[in-house]
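With the hints as constraints, model all of the structure from the sequences given.
Be aware that the sequence shown starts at 0, since it is given in numbering that gives the first Met the number 0, and climbs by one per residue.
Think of the hints as simulated: they come from the structure by calculation, not from any bench. Remember, it's a predicted structure, so these values are computed and weren't measured experimentally. It cannot be assumed that every hint is accurate.
To be verified - List of simulated lysine-lysine pairs, PhoX-like, C-alpha gap at most 25 Å:
#, residue 1, residue 2
1, Lys136, Lys41
2, Lys28, Lys41
3, Lys136, Lys28
4, Lys136, Lys157
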Amino acid sequence: MRRTFRLLLALALVVSSAAPLLADTIRLKDGSVIRGQVIGFKDQQFTILIGGNARGRRGQTTVYVEDVDSIEFDANTSSAPSSTTDEMTAQNNPPAMRPTNQNNSSDSGNSSPRTIDSQPNSSIPATSATPTFFTIKVGVRADNANNGWTNTGLVVRKGQRLRITASGRISLGRGRFSTPGGVATIADADKLMRNEATGALIAVIGDDNDDFILIGPRREFVALRDGVLFLGVNEGDLADNTGSYDIVIEAEALGR
0 MRRTFRLLLA LALVVSSAAP LLADTIRLKD GSVIRGQVIG FKDQQFTILI
50 GGNARGRRGQ TTVYVEDVDS IEFDANTSSA PSSTTDEMTA QNNPPAMRPT
100 NQNNSSDSGN SSPRTIDSQP NSSIPATSAT PTFFTIKVGV RADNANNGWT
150 NTGLVVRKGQ RLRITASGRI SLGRGRFSTP GGVATIADAD KLMRNEATGA
200 LIAVIGDDND DFILIGPRRE FVALRDGVLF LGVNEGDLAD NTGSYDIVIE
250 AEALGR
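As structure tokens, this is what we get:
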């Protein structure tokens, strides 16, 4: 079965190499790369449209989410692609964060001033066309595995719209529990977003970034930079945590 799957991927690569007009780049954990359009996600499988041009034919292939390392979107589909197209690869290592003295929110009373603006009147110009979104489902562990961050495998682009919805219940240790909205009454001087509730779902774009984003049970926002999307729990000490949050990510499909 695995050998057949790899043969299918090899066929997809051959077909997609003849049709560089498609925008999405799917990188697999075995090093393979598929160029196409992600058109669906169901039963833990991505459906990818491959091939096709003015006189060509298109086909489809599917890959399991566990085999995907990252998905990239090229926003510059109006211009001819080249081998120098700027591409970002998802890192296997989580962000080198979880500092004990990090304070990304000032103590002057302004709540999380460095988070990404979720308002629709941001600096990103609005488009008249209705955006298309695709869905990814992931589980975010509450413990300190992978330095406390879950790599979603999604490489977002600056200006891309994201909707993230979270549910579930985790244990923060010592008989304390939290939902994605967090618990405001639990004091924690070491959490990454000090002015936000302990145990809340947070995010960061890129493994070299400390502009943390409060997600909570639901948030829609526009990415202000390129990078891999990581999700985690807003708590300083994750060693005694158990459980996970269930996450649904709706990402705008750019370049359609």
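Going down the list of hints, with the structure as the test:
Under the criterion of a C-alpha separation no larger than 25 Å, the hint pairing Lys136 with Lys41 is consistent with the structure, at around 10 Å. Simply put, Lys28 and Lys41 have alpha-carbon atoms about 20 Å apart, close enough for the 25 Å limit, and the pair holds. Our distance criterion of 25 Å between C-alpha atoms is met by Lys136 and Lys28, whose separation comes to about 18 Å. Distance check on the hinted pair: Lys136 and Lys157 sit about 21 Å apart at the alpha-carbon level, within 25 Å; holds.
In summary, this structure violates none of the numbered hints.
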